[in-house]
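Chains A and B, in that order, give the protein sequences.
Each residue of the first sequence is one higher than the one before, starting from 59 at the first, in the working numbering.
Each residue of the second sequence is one higher than the one before, starting from 2 at the first, in the working numbering.
It is possible that part of the hints are untrue.
What the hints assert, rightly or not - Quick partial rundown of chain A residues pointing at chain B, CB under 7 Å, derived from the structure:
id, residue
1, Val-106
2, Ala-113
3, Arg-153
4, Leu-179
Since the hints were derived computationally from the structure, they do not count as laboratory data.
We put the CB at the ideal spot given by N, CA and C, even for glycine.
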Amino acid sequence: MASQPNRAARPLPGPSGSLVWGMAVFLAGWIVPGLRHALLGRWSRAVVFCLSVVALAAAGVWLRGVVFTGQATDLFGLFGFLADLGAGVLYPLARSSDIVADVSRAAGDYGTRFFAAAGTLNLLCAFDAYAVATGHKPR
Amino acid sequence: MSNISHFAAMTLFAAAASATLAFQSRPTNRERLVYAVKTFVLFVGGAILIGWLLYPISR
Numbered sequence: 059m060a061s062q063p064n065r066a067a068r069p070l071p072g073p074s075g076s077l078v079w080g081m082a083v084f085l086a087g088w089i090v091p092g093l094r095h096a097l098l099g100r101w102s103r104a105v106v107f108c109l110s111v112v113a114l115a116a117a118g119v120w121l122r123g124v125v126f127t128g129q130a131t132d133l134f135g136l137f138g139f140l141a142d143l144g145a146g147v148l149y150p151l152a153r154s155s156d157i158v159a160d161v162s163r164a165a166g167d168y169g170t171r172f173f174a175a176a177g178t179l180n181l182l183c184a185f186d187a188y189a190v191a192t193g194h195k196p197r
Numbered sequence: 002m003s004n005i006s007h008f009a010a011m012t013l014f015a016a017a018a019s020a021t022l023a024f025q026s027r028p029t030n031r032e033r034l035v036y037a038v039k040t041f042v043l044f045v046g047g048a049i050l051i052g053w054l055l056y057p058i059s060r
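Start from the sequences, fold in the hints, and give me the full structure.
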């Protein structure tokens with residue numbers, strides 16, 4: 059990009075381009091939302107990613123949404139579990155909370171969607187970190 | 002008792018999603034702000050528009 063010459067495909071510290079390095083970055087960003095960007099000193103991104111994911115996940119638990127387990131009997135439960143798992147460390151925290159899911163009210167349904175949205179947003183951020191680490195995307 | 006209105010829920014989701022997408026897809030703060038505001042307005046405005054379009058068949 060002509061207006062942003064200093065941002066053009068600058069590799070991250072580490073063995074940039076390797077699959078293992080990319081996977082390590084992906085795992086760090088997946089387990090703790092925003093961690094990878096924070097380690098690189100990209101604080102604005104780290105704060106925004108972390109706040110967005112944590113706010114959605116906290117709202118999901120507060121509204122008593124369903125946090126799916128791995129024992130899904132249908133596709134809805136399976137995809138819900140995969141989306142929830144995307145929230146990284148927030149998933150076991152939500153599962154261990156004392157708040158019981160209640161989808162008899164609309165708020166409970168919103169909560170279910172919020173937690174799934176937090177998981178998918180976090181996965182998106184982790185894939186973004188992976189693309190930067192492997193050199194597929196400029197910083 | 003935890004509760005939230007449909008509009009507040011939609012606004013919370015739109016804010017989180019638009020901020021995240023803006024920081025992922027735009028390099029400068031100014032471009033991010035413009036993109037985030039645009040996406041937020043499209044999320045919320047689109048939902049309101051669809052709501053009004055469905056209003057005649059809701060009763």
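Here's how the hints hold up against the structure:
1. Val-106: holds (5 Å)
2. Ala-113: Because about 6 Å separates Ala-113/A from the closest Cβ in chain B, which is inside the 7 Å limit, the hint holds.
3. Arg-153: Since chain B brings no Cβ nearer than about 18 Å to Arg-153/A, farther than 7 Å, the hint is violated.
4. Leu-179: holds (5 Å)
Checked against the numbered hints listed earlier, the structure breaks hint 3 alone; every other hint is satisfied.
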